[in-house]
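These are the residues of each chain, in order.
Protein chains: 4
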Amino acid sequence: MQVMIDLCVVPLGVGVSVSEYVAACQRILREAGLSYQMHAYGTNIEGEWDEVFAAVKRCHEVLHDMGAPRITSSLRVGTRTDRDQTMTDKISSVEEKLSGDA
Amino acid sequence: MQVMIDLCVVPLGVGVSVSEYVAACQRILREAGLSYQMHAYGTNIEGEWDEVFAAVKRCHEVLHDMGAPRITSSLRVGTRTDRDQTMTDKISSVEEKLSGDA
Amino acid sequence: MQVMIDLCVVPLGVGVSVSEYVAACQRILREAGLSYQMHAYGTNIEGEWDEVFAAVKRCHEVLHDMGAPRITSSLRVGTRTDRDQTMTDKISSVEEKLSGDA
Amino acid sequence: MQVMIDLCVVPLGVGVSVSEYVAACQRILREAGLSYQMHAYGTNIEGEWDEVFAAVKRCHEVLHDMGAPRITSSLRVGTRTDRDQTMTDKISSVEEKLSGDA
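Chains as they are written, first to last, in the numbering used here: chain G, 1 to 102; chain C, 103 to 204; chain D, 205 to 306; chain R, 307 to 408.
These are computed hints drawn from the structure, not numbers from a lab. All values reported here derive from a predicted model rather than from experimental measurement. Don't take every hint at face value.
[To be verified] Pulled a few chain D residues facing chain G out of the computed Cβ check, cut under 8 Å: (1) 236; (2) 237; (3) 238; (4) 239; (5) 266; (6) 268; (7) 270; (8) 271; (9) 274.
[Said to hold, decoys possible] Calculated cross-link-like contacts (lysine-lysine; reagent style DSS-like; alpha-carbon spacing at most 25 Å): (10) 363/R / 57/G; (11) 363/R / 97/G; (12) 199/C / 301/D; (13) 261/D / 363/R; (14) 159/C / 57/G; (15) 159/C / 261/D.
[As the list claims (entries may be wrong)] Partial chain C-side listing against chain G, Cβ under 8 Å, derived: (16) 149; (17) 150; (18) 155; (19) 162; (20) 168; (21) 174; (22) 175; (23) 186.
Beta carbons are placed, not taken as given, at the ideal position from N, Cα and C, and that holds for glycine.
Generate coordinates for the entire structure from the input sequences, incorporating the hints supplied.
Encoded structure:
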C-alpha cells in the first residue's frame with residue numbers, strides 16, 4: 001500500500017532551536033531512498049507504507065539518541081485505492097484550477 | 103520503544119456519516135490487544151511502536167476493504183526516554199495541578 | 205458557526221514536563237465557559253467558532269506569559285451544516301455500533 | 307501576535323476529489339493578502355493571528371457554501387516570542403545544516 005504523509009517532528013527538552021533535529025530527519029529520509037519534500041512546517045513523504053513508517057520510527061530513535069528526552073510528532077497520513085497520485089500530481093491538480101483566475 | 107498516539111481516521115468518498123468506520127477501527131484496536139481510549143475527535147492508543155503502527159495500517163486496510171476509496175488520518179505520536187508515563191498518568195498529572203483551584 | 209476542535213498545545217524551551225502548561229489551558233477553557241473534555245493527548249472543545257478560537261489564542265498568550273518562548277499546537281477542527289452533533293453524540297454513535305458485538 | 311500555521315482542509319460528503327475546494331481556499335488566502343505556500347498535504351500561512359484565523363474560518367464558510375456538508379481540518383499552529391522567523395528562515399536554517407553533508 002502506497003502512502004503519502006506529512007510529518008512534523010518536535011523534540012522537547014532541548015531548547016527552542018530544533019533545526020539540527022529536523023536536519024537529522026531529512027538525512028534519514030534521504031538515506032531511506034524515499035521521495036520527500038520539506039516545507040516550513042513539516043515534510044511531505046511518499047512511498048510504501050512499511051518503508052515510510054520505518055523512517056518515521058527511525059526519526060524518533062535518532063532524535064532520542066541525539067539527546068531529546070521527549071518527542072511529539074504530528075502526522076497526516078493519506079492512502080487511496082481509486083488511483084495513483086504523487087505529491088506533484090496533487091499540487092498540479094490545484095494549480096490547474098487556479099490557472100484560469102484572471 | 104513504547105509510544106502513545108492519538109489517531110483520527112477520516113474516510114473520504116463515503117458520505118458524511120463515518121461512525122461505522124470509526125467502530126471498525128475500535129474493533130481492530132481491541133483485537134490487537136492494545137490499550138486505547140476513544141474520545142470525541144480521535145482515539146488515544148499506547149503500546150509497543152510496531153504493534154501500534156501495525157494497527158494503524160490495519161485501520162487503513164480495513165476501511166479501504168469496507169469501500170472507502172480514500173482515507174486521510176491525523177496522528178500525534180509521542181515517545182519519551184526519561185520515564186514511563188501511561189495515558190492515565192498524563193491526565194492525573196494535570197488534574198493534580200488543577201485540584202488546588204478553589 | 206458551531207465548531208468542535210481537538211487541541212494539543214506544546215510549549216518548547218521549558219523542559220519536558222508540560223503539565224502545568226496544560227493545566228493553565230484547562231483553566232482558560234473553564235473561565236471561557238466552553239464545553240471541553242481533556243484526554244491523554246489533547247482536549248476536545250466545542251462552541252461558537254469565535255469563542256473557541258479566542259480561547260486557543262488565549263492559551264498561546266498565557267503560555268508565553270508563563271515563560272514559554274515557543275509554542276507549537278496541533279488542532280483538528282470540525283464543522284458541519286447537515287445537523288447538530290455534540291461531543292457526546294459522536295461517541296454514542298460509535299458505541300451504539302459496537303454494542304452489538306458479542 | 308504573529309503566527310505561522312500549516313492548514314489542511316478536508317471536505318466530507320463531496321466525493322474523493324477535493325482539489326476545487328483546495329483551490330477555493332488558496333483564493334481566500336490570496337484575497338486576504340496573507341503570505342502562504344501550498345505543498346502536497348497542506349498550506350503554510352503566516353501573518354497576524356487574527357487575520358490568519360479569519361481566513362481559516364472563511365475557508366470553512368466558503369466550503370460549506372460550495373456544498374460540503376461537513377469539514378474536518380488539521381492545523382499546526384506556531385508562535386514564538388524569542389525572535390522573528392519567517393517560513394523562509396525556517397527552511398534556510400535546516401538547509402544550512404544539511405549543506406555541509408558531502
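Results of checking the hints against the structure:
{"no.": "1", "hint": "236", "result": "violated (24 Å)"}
{"no.": "2", "hint": "237", "result": "violated (28 Å)"}
{"no.": "3", "hint": "238", "result": "violated (23 Å)"}
{"no.": "4", "hint": "239", "result": "violated (24 Å)"}
{"no.": "5", "hint": "266", "result": "violated (18 Å)"}
{"no.": "6", "hint": "268", "result": "violated (12 Å)"}
{"no.": "7", "hint": "270", "result": "violated (15 Å)"}
{"no.": "8", "hint": "271", "result": "violated (12 Å)"}
{"no.": "9", "hint": "274", "result": "holds (4 Å)"}
{"no.": "10", "hint": "363/R / 57/G", "result": "violated (34 Å)"}
{"no.": "11", "hint": "363/R / 97/G", "result": "holds (22 Å)"}
{"no.": "12", "hint": "199/C / 301/D", "result": "violated (37 Å)"}
{"no.": "13", "hint": "261/D / 363/R", "result": "holds (14 Å)"}
{"no.": "14", "hint": "159/C / 57/G", "result": "holds (14 Å)"}
{"no.": "15", "hint": "159/C / 261/D", "result": "violated (34 Å)"}
{"no.": "16", "hint": "149", "result": "violated (14 Å)"}
{"no.": "17", "hint": "150", "result": "violated (11 Å)"}
{"no.": "18", "hint": "155", "result": "holds (5 Å)"}
{"no.": "19", "hint": "162", "result": "holds (5 Å)"}
{"no.": "20", "hint": "168", "result": "violated (11 Å)"}
{"no.": "21", "hint": "174", "result": "holds (5 Å)"}
{"no.": "22", "hint": "175", "result": "holds (4 Å)"}
{"no.": "23", "hint": "186", "result": "violated (12 Å)"}
Of the numbered hints stated above, those contradicted by the structure are hints 1, 2, 3, 4, 5, 6, 7, 8, 10, 12, 15, 16, 17, 20, 23, listed in ascending order.
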